[in-house]
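Novice: With the sequences and hints as input, model every part of the structure.
One line per chain: the protein sequences are R and P, in this order.
Position one of the first sequence corresponds to residue 1 (the working numbering), numbered consecutively onward.
Position one of the second sequence corresponds to residue 1001 (the working numbering), numbered consecutively onward.
If you're looking for bench data, these hints aren't it; they were derived computationally from the structure.
The beta carbon of each residue, even a glycine, is placed where N, CA and C say it ideally should be.
Just so you know, nobody snuck in bad clues.
With beta-carbon atoms standing in for the labels, derived distance ranges:
id, chain 1, residue 1, chain 2, residue 2, range
1, R, E240, P, L1307, 46 to 52 Å
2, R, Q73, P, A1294, 48 to 54 Å
3, R, D209, P, G1234, 25 to 31 Å
Sample of chain R residues at the chain P side, in silico, Cβ under 10 Å:
id, residue
4, R77
5, P85
6, E110
7, T183
8, V221
9, H230
Heads up, simulated EDC-like pairs for lysine to aspartate or glutamate below, C-alpha to C-alpha not over 20 Å straight-line:
id, chain 1, residue 1, chain 2, residue 2
10, R, K192, P, D1200
11, P, K1246, R, E170
12, R, K223, P, D1009
13, P, K1240, R, E178
14, P, K1246, P, D1131
15, P, K1293, P, D1268
16, R, K223, P, D1022
17, R, K223, P, D1028
18, P, K1240, R, E184
19, P, K1246, P, D1291
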Amino acid sequence: MGVVFPRRSLVCARRTATSIAAQISAWARFGQHLPARKEGCGSPFSSVERMSERLVLYTADDEAPGEPIIPSQDRMRWIASHVLPHEPTLRAWLRRRPVAGLETDDVIQETYVVLGRMATVEHVTAPRAYAYQVAQSIVLRHLRRARIVRMGSIDEVDLDTTPLDEPSPEQQTHARLELQRLTEVVKDLPAKCQQTFMLRRFEGLSQRDTARRLGISESTVEKHMSRALHTLMAALRQREPGSGDPGEIGIRRPQST
Amino acid sequence: MSQSDTANDLELTAATWAVRVDRGLSADEQSQLAAWTGEDVRRQGALIRALALLTAVTDPSGMAANDPEPVRAPGLSRRALVAGGALAAGFAGLAAVFGRQMVVGEVYSTPRGKLRTVVLADGSRVWLNTDTRVRVHYRRDRRDITLLAGEALFDVAKDPARPFVVRSGTVNVRAVGTSFSVSRLPERPTEIMVREGLVDVGADMPGAPPVTHLIPGCRAHADEAGEVSVRHVGVPSVLKALSWRKGVLDFQSARLEDATLAFARHTDPKIVLRSPDLGATRITGQYAANDPKAFARSMSESLNLRLTEADGVLYLAR
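Specialist: Written as structure tokens, this is what we have:
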């Protein structure tokens, strides 16, 4: 391992330093099993297999902060169709590998930042695996800053499982249908809120037309939509994988050939 | 870092911003948003997540392979279904190339006992039940479908600029992007079932009542004068009623007489009820549409009826 720890972290109790080192190398070893490495595909992760040596991380805060990034419609569709449906399994995957001081939520949010900021996604042939890699790199970066890791809170990390290839078309479709099914939570919202959501979603009415049709102000339409979307976000966060995503599709033992 | 941002608060604010971004930000709002996201990278992430989710739910047609469950008609491989759809799409494409004037509409049909799925030029999908004919005529400002006979389910690609109108006799069923079925059987009012989205039903008749709005889970009957009666049976019931797409007839407390008619639409042998009171008996269950014999046998067992066969006709009697 070519990891050089900052001196200060070595001053910490030796046990902590060792377990941090072990954990970093453990997380980094994931890289060796990660899929979808096309020769010369030019992604920040084309060198993911070398990650264990160099810990080259592409993370959100390498970029200048401040400027809000609003990804293009195309990128939104790409994320909506290739990443969002797998969020529950990705969350579960992260939850099974807890890292002190790092919330699953935080990793998820940062993953979206990276995916939203990438200049292009054309080279990404396996979007789900890619999203896992991004999430993994965020965890690694956090671990590298070992000072934040509190002592005694590191447990062993389960290393036997890694995300492999993309889900089958059936699983893909299933995951997307599950995402569509999420909209059922809107049924528990007040009638006007529900109607607003339905008109915007199914009839593709603009905000103005929705307001006119329902006889309410545009700002009210906006409030209803925010509420509906917020409900959906919370539902997606709490979604248990397995009920929808057929089992642990993303996580299999490395195949020994 | 904003330690105070709980997941829920963060999501609420992100949702609010996502909705604003969706409708377009004023200059003021842009700087407010920058101030908000600038503080914490997680906020930026929550915003992107909110926008992606908004895209997923308001623009489902934009999502790749947003297919409903694949359908396998009895006796037809999925490959054949796909090929048929592609072919149909090809024809529709040709028609579009040759100019709208000469397009008088393409007719798609199924013989008795066969199912078919057709992908139209705009990506809309039509599932034809047995013995069904539809004419498709896409104009610049609307997508006209005529249900000439039978039953079809429409998964409509969203296009607010071009409403999707299914005509069944004088009855018009209008949608923008949604999923619903229309059935037009002899001597019956037109039946409409909504699986997803909103649908308007009305008649093309002077003095007809105003259109009726249907929501998912509705089962409606519309007569020629445009009188519409609606019952909200729930989406699961609608899905069950649409299981003909899998070659299955799913009866939920259906009249035995209606069930035998449903089989007769699919295939021989015909089932005839010999006792006059039998027709009103309610039955529930799932049966293969192409096997009326199995259905008749099951009826004779469960209802304790006598089953006989003569000249290719199945008779049920008490």
